[in-house]
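Hey, can you work out the whole structure from these sequences and the hints?
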Amino acid sequence: MLDNQTPLVEMRNISISFGGIHAVDNASVELYPGEVVALLGHNGAGKSTLIKILSGAYKRDGGDILINGEPAEIGNPRDAKKYGIETIYQTLAVADNVDAAANLYLGRELRTPWGTLDDVAMEAKAREVMGRLNPNFRRFKEPVKALSGGQRQSVAIARAILFNARILIMDEPTAALGPQETAQVGELIKQLKREGIGIFLISHDIHDVFDLADRVSVMKNGQVVGHARTEDVTKDEVLGMIILGKVPPKAIPGPGAMQMA
Amino acid sequence: MADTVNSVHLNVARGANEHPVRRFFRATEIDTRLLGMVGALMIIWISFQISTGGLFLTPRNLWNLTVQTSSVAVMATGMVLVIVTRNIDLSVGSVLGFCGMVMGVAQAQILPQYLGLGHPAIWAITLLIGLVTGAAIGALHGVIIAFLGVPSFIVTLGGLLVWRGATWFVTSGQTVAPMDTTFRLMGGGTEGSIGATASWLVALIACLAIVWALLHARRQRKRFGFPRRPIWAEYVLGGVGCALVLGFVAVANAYYWPANIARKYADANGIAWPDGGLLISHGIAVPVLVAIAVGIVMTFISTRLRFGRYVFAIGGNPEAAELAGIKTRWVTVRIFTLMGALCAIAAAISTARLNAATNAQGELDELYTIAAAVIGGTSLAGGTGTIAGAMLGAFVMQSLQSGMVLLGIDSPLQRIVVGMVLVIAVWLDTVYRARAK
Ligand SMILES: Nc1ncnc2c1ncn2[C@@H]1O[C@H](COP(=O)(O)OP(=O)(O)O)[C@@H](O)[C@H]1O
Ligand SMILES: [Mg+2]
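Those sequence lines, one after another, are chains A and B. Oh and the first sequence: position 227 is 227 in full-length UniProt numbering, straight run, nothing missing. Oh and the second sequence: position 314 is 314 in full-length UniProt numbering, straight run, nothing missing.
Keep in mind the hints are simulated off the structure, nothing from the lab. Keep in mind the model is a prediction, meaning the values are calculated, not measured. Careful: at least some of the hints might be erroneous.
Dumping the calculated DSS-like pairs for lysine-lysine here, alpha-carbon to alpha-carbon at most 30 Å [stated by the list, open to error]:
1) Lys327/B <-> Lys145/A
2) Lys59/A <-> Lys327/B
3) Lys125/A <-> Lys327/B
4) Lys125/A <-> Lys82/A
5) Lys81/A <-> Lys141/A
6) Lys145/A <-> Lys264/B
7) Lys222/B <-> Lys141/A
8) Lys264/B <-> Lys125/A
9) Lys327/B <-> Lys82/A
10) Lys327/B <-> Lys141/A
11) Lys250/A <-> Lys193/A
12) Lys81/A <-> Lys327/B
A partial selection of chain B residues facing chain A, derived with a Cβ cut-off under 7 Å [stated by the list, open to error]:
13) Phe224
14) Ile301
15) Arg304
16) Arg306
17) Ala313
18) Pro318
19) Ala320
20) Leu323
21) Ala381
22) Thr384
23) Ala388
Here a beta-carbon is modelled for each residue, glycine too, at the ideal position from N, C-alpha and C.
Pasting the structure below:
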């Protein structure tokens, strides 16, 4: 169904190393509009590093990024945002000592005609967005440092969806959350998907994401083991990809696939 | 709907059980930390008042205190931003010295050659030269820190030596004096004060501004339907704010010109000398006005402008700020540029007050400036600090020193006390923060 469409994002043969470590090695992934791609793999497989290249946090050593089929220049987080790429980082990159509204608009503040910060307008919008996302959220005036893990997470998510993202990267978004909040994030992902946003959903636990994803891409030791449509594979087969690098018949093998003897 | 009703009930319940004192602070949103500092200041004042036998809390001494604080207070406002971003500036005293010397030479030796001695534009051109010099030095520090990756501690430690040495080279070590007469107004003194009427006018404007700010904030919050402070809390805030302003001006106006100067003035203006002596109020000193203006501008920058928001965001989490798309390096350069310019303003105040530019001007000021910021609640871990707190911190330090001078305590012992107070203040702050968590 997707074959005749241009991918929203295409990352081709991406490589990066830190010192001697090939954190990402010749990895290729793609993402179509309205699609959720789960990026799976053990801790240290290179998932976060790969998507940080897409979000402009790291500069790649090699490879190409195409957005809507056009080569994209992404050298820093600002560039990525210009392409409509928004990211929720695993480390929850929020500014701890300013409040929720300031975090939502960090780097893109609303200003009055005099050039000063329009804090009330930002707070109003923050209350609106947070109200949809997490109706119990009340602590608008406190630095986010004072918030719980789940509340901080909703701030990070609100910031990502506030600016009409076309491409959303969520790096282990439910790691710090309880079951109820996890379910909420699941609902949100489905809603965003319906709006045509492409989502990279990263996890080291397939149970978290299997039901949400249209496709899975599995990484191991910096390389892509393979890609598969979720409907074509079982959880056990995907686990085999994650643990052993063993590619099931209906999946497309990548450079990191276990070599069959 | 049920949800809102519930939460309203909860709030009401909490309000009823809450201790009245705690409810007062929550409603007025007064920073308890700042209040603690005011408390400490009061304790210091009263102790000195008692131990000096009533010499401390006089209009004259309080007025002098404000003047003596201005130079360090000006620099402390910039030091807040520096420390908030987890940097430090050890060079401010030397940069003050260098800018002071440059301004001294400009107004006493260079400009009079072209404009004639005492030309009314000399002070302004001099100040401009100083500001540009200070800002350029700060920008240089900032670029080395942000783009070459040398830690600010090292860059400004180098700066401390470099600019002190450079100060010597401007005049081969010679003191420059006297300063331009208009320029000297920035140093305070009998001439450099604005008098009773103008002081009351300043007080009136300040009170109106306080009331307007409270009204405006309330109106804005009402417009967007946000929770508002109880109305009594607004009255308390407005009342306390205006009382402080009026009290300050009343004290400044209660300090009269010394008799001999007043007599000279009376003679020169043909005023008959009354029996009780001629009582002419000093009013607010010009350097104090400058410091207050700097404080207001810096507060505005740090709370109302995007730049200020970035400073605090970077201080809280540099990586998150970078990932949010903030150009963190440029923010660093701008902070140090601002710091340099503030050193120049402080240099203007201090050279004007001394009526000379010397080699040793501003020595140890870096330590007093850092101490003021830290005592005023700026956390060395980054991310927190207020301009008002730092200025109050400078005032606390100056109060300690002046009090000890009045008591006739030797300067080595003064240093020991100031050093210990710094450590104790930071320790108390650590305890406070740990409890607040
Ligand atoms: N900034 C960095 N400096 C050095 N090594 C890094 C850096 N970022 C990631 N790595 C290394 O790259 C590898 C992949 O890490 P990461 O992408 O975080 O894995 P994942 O997100 O899949 O758990 C790890 O070996 C990690 O140590
Ligand atoms: Mg990761």
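Checklist line | Hint check, failures only | finding: 6, 8, 14, 18, 21 and 23
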